[in-house]
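In case it helps, this note's numbering puts the sequence shown at residues 1 to 543.
Derived from the structure by calculation, the hints contain no laboratory data. Among the hints, a few may not be true.
Unchecked claim - Computed list of lysine to aspartate or glutamate pairs in DMTMM-like fashion (alpha-carbon distance at most 25 angstroms, straight line):
hint, residue 1, residue 2
1, K360, D267
2, K198, D185
3, K198, E266
4, K221, D332
5, K88, D267
6, K221, D264
7, K198, D168
8, K88, D309
9, K360, D309
10, K360, D414
Unchecked claim - Label-pair distances were calculated between CB atoms; the ranges are:
hint, residue 1, residue 2, range
11, A441, Q530, 18 to 28 angstroms
12, A451, D345, 25 to 35 angstroms
13, R356, E146, 51 to 61 angstroms
14, R301, E500, 18 to 28 angstroms
15, E159, P180, 41 to 51 angstroms
16, H394, G483, 26 to 36 angstroms
17, L197, A312, 46 to 56 angstroms
Using N, Cα and C, we set each Cβ at its ideal position, and we do this for glycine too.
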Amino acid sequence: MRARSMKRGSLGLLAASALPLAIPSGGGMDGVGGPNPARDLERGRALYERHCAVCHGAEGRGDGSAAYLLHPAPRNFASGRFRLVSTKNGVPTQADLIAAIRRGMPGSAMPPWEWLAEEDLWSTALYVRHLSIEGQVADLLRWSEEEGGYLHEEEELSEAEARELVNDRMVPSEPIDVGPPAPSDPVTLHEGRRIYLKTCASCHGDDGTGSGAVNLAGDLKNEDGTPSTARDFTTGIFKGGATHADIVRRIAGGLPGSPMPATDFEDPTQAAVVASYVQSLVKPGAQERVVQRRRTVPVARVRGAVPTDPVAPSWAAAERVWIALMPLWWRDSRVEGVVARALHDGETIAVFLSWRDPSKDDDVLGARSFSDAGAIEISVERDPPLFAMGAADHPVDIALWRAAWEADAVAVRDVRDRWPAMLEDSFPSLVGDLLDQSITARAVGNSQSLASRPSGAEALMAQGFGTVGPRGGAPLSWTARGGWEEGYWDVVFSRSMNAEVEGEPALSPGLSAFLAFAVWDGAFGDRNGQKSVSVWHRLEIAP
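Required output: the full structure, derived from the provided sequences and hints.
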């Protein structure tokens, strides 16, 4: 086979995107795989298909069934571009990939997988590498065929040649030297700010909130043409971590494929000085509020009936747990999280959610009016499906509460409450009972348009994206009561611990289950798949 070489830039956009993935290394697992590469790759495939393909797609091209709901978009592994790298040539190591999977991507809907075993993290990273290799090889062959040859040669590439070219580019260079951290004393921060203003402020703003002129102009674009925004450091959200080493790597190595460039300081210690200043911009407690971690929500047993009203005194003794949320379609103005607590009395379980929302949105009578809402999702499986809406063979139990339905519990409102004569003006021939038949959803018994609503909640089930619907036979197996006061929603969900209908999970004292959360902010147009969600958390029901 005639040897060929692939130089940077020689393939235009393709060459720019054909950067290699990591060669796995370290931990006694040298070489392409580990002790058993074939086994590791097969294990990685199974894990990827269960947890990752719904967003990243079966071939890793960022085109999974849920991708249309997500911004930033899921990474296209076939592009060869990976944002979080520790090497000078922008090629991630196996450790880089494992770290990204374990930590997730704060500032996006990419959740952390820190609960996976180390060998599973290794195998998943190995399979991601495999997908990237195969995608790059396929793209290179397609490009060669379309161009009628490789570069200035008339002969098209063979698969073996394409694979060799990709593999040649898969070797990470030497790591970025992060050096020791700089102090955070006033002198260092003074110097760090001066450097920051020269090198960072045009995008991230003088105050670090992303208020730079370039960012506000909307001119930032990723390599693939998708829009990008500069990070607001004050929120504590750092995609690649917030340690000294993490930030220095982002400064020195940039974020490949994004508008964030690599910065080469003449004095290498300046990167550490800037990193120290950037860390100083983070508001106290901000990082703890945004980091996604699997937590445990204890369900204490109470004497007497479990409280179903948010103002019940017995809730004061229930342990509170902070649950961070992430918008599927990212925005900085968002619900950061909920405070959860739970109780049971042996027969009924109740889950209390509280979250900050400056505006009370409980009116859906206008075309652009959307209700605030909250939901909890339960799975009793040992290895639950992806936190978002279950899977075909792994249904999940969902309780949905809407602020508009809470208000409708007093009296259901419709368009006539806002425009009393709308129907008469539009349909003057309709009189009496016939008028209600013009509300077609109510006429056919649609549960979304009931003439009376005894609770603000609805029991749902889902088996994957696009499958959520009312749980047949028990629309009120979950009930809820909520209230808004001084910028906060307090909502209590409750249901029988016994399974009321087929398919509903039974919950019993001593059981360990999984619980996830979702919140919709009507003021920002949240509805359906536009929402903020959590990862799975443990629900430990006391005996």
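We went through each hint and held it up to the structure:
no. : hint                            : in the structure
1   : K360 - D267                     : 53 angstroms, violated
2   : K198 - D185                     : 20 angstroms, holds
3   : K198 - E266                     : 14 angstroms, holds
4   : K221 - D332                     : 18 angstroms, holds
5   : K88 - D267                      : 16 angstroms, holds
6   : K221 - D264                     : 22 angstroms, holds
7   : K198 - D168                     : 37 angstroms, violated
8   : K88 - D309                      : 57 angstroms, violated
9   : K360 - D309                     : 19 angstroms, holds
10  : K360 - D414                     : 18 angstroms, holds
11  : A441 - Q530: 18 to 28 angstroms : 22 angstroms, holds
12  : A451 - D345: 25 to 35 angstroms : 33 angstroms, holds
13  : R356 - E146: 51 to 61 angstroms : 53 angstroms, holds
14  : R301 - E500: 18 to 28 angstroms : 21 angstroms, holds
15  : E159 - P180: 41 to 51 angstroms : 47 angstroms, holds
16  : H394 - G483: 26 to 36 angstroms : 34 angstroms, holds
17  : L197 - A312: 46 to 56 angstroms : 53 angstroms, holds
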